[in-house]
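Residues per chain are reported as follows:
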Amino acid sequence: KQEVTQIPAALSVPEGENLVLNCSFTDSAIYNLQWFRQDPGKGLTSLLLIQSSQREQTSGRLNASLDKSSGRSTLYIAASQPGDSATYLCAVSGNQGGKLIFGQGTELSVKP
Amino acid sequence: DAGVIQSPRHEVTEMGQEVTLRCKPISGHNSLFWYRQTMMRGLELLIYFNNNVPIDDSGMPEDRFSAKMPNASFSTLKIQPSEPRDSAVYFCASSFQGYEQYFGPGTRLTVT
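As given, the protein sequences belong to chains A and B, one line each in that order. Just add 867 to wherever you are in the first sequence, counting from 1, and you've got our numbering. Just add 89 to wherever you are in the second sequence, counting from 1, and you've got our numbering.
Bound conformation, chain A alone (with noise of 0.2 Å):
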């Protein structure tokens, strides 16, 4: 049955810094890997979409890196502003068009 684990649970930084959001999943079988933005009460923003051929994807100041062997994605953002403040979760989908298994997300916050 896969996992997804997503660490830390929470983070705050200071507006400027770079910082590295982990995902890991205990099943490399694979098809798509999504990373999502959630503001509190609302729903879900779709990020990036990194297909399990794929090793990376960039959207502006986004990231997403994925290594399938391991288990494991990281979403990187560059120069932390206080409008990335969310929390972000981490999917994965084990087949074309299947349901998508959520991490449990981490909650970022970006102070001024």
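In case anyone wonders, no lab produced these hints; they're calculated from the structure. All the pointers check out, no bait thrown in.
Simulated crosslink set (DSS-like; lysine-lysine; CA at most 30 Å straight-line):
hint: 1; chain 1: A; residue 1: Lys909; chain 2: B; residue 2: Lys157
hint: 2; chain 1: A; residue 1: Lys868; chain 2: B; residue 2: Lys157
hint: 3; chain 1: B; residue 1: Lys167; chain 2: B; residue 2: Lys157
hint: 4; chain 1: A; residue 1: Lys868; chain 2: B; residue 2: Lys167
In this text the structure is predicted, and so the values were computed from the model without any measurement.
Fit chain B to the given chain A structure using the hints.
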């Protein structure tokens, strides 16, 4: 595109009542997912459809829960009878050919 649309956004009901949640996926998407989010269990899949056909309903808690997708642009999740432990945020998501999943704003259900 308007994104995934869910209604109602908030629902407060008494134990024993029937609750119906509604979802309109993004036009052209052929996969639809119902997830539930609670503090204790995080985000979990309830059921998903491909091309209007239920594929995996292993996450549906019990017979009190049912879901339908009568056409490509509409789905319902019904709880009958509702119980206080059903209180959660219910999200609908859609995707095209199993790629990036896009989430709706969610329905916050409170059962008293």
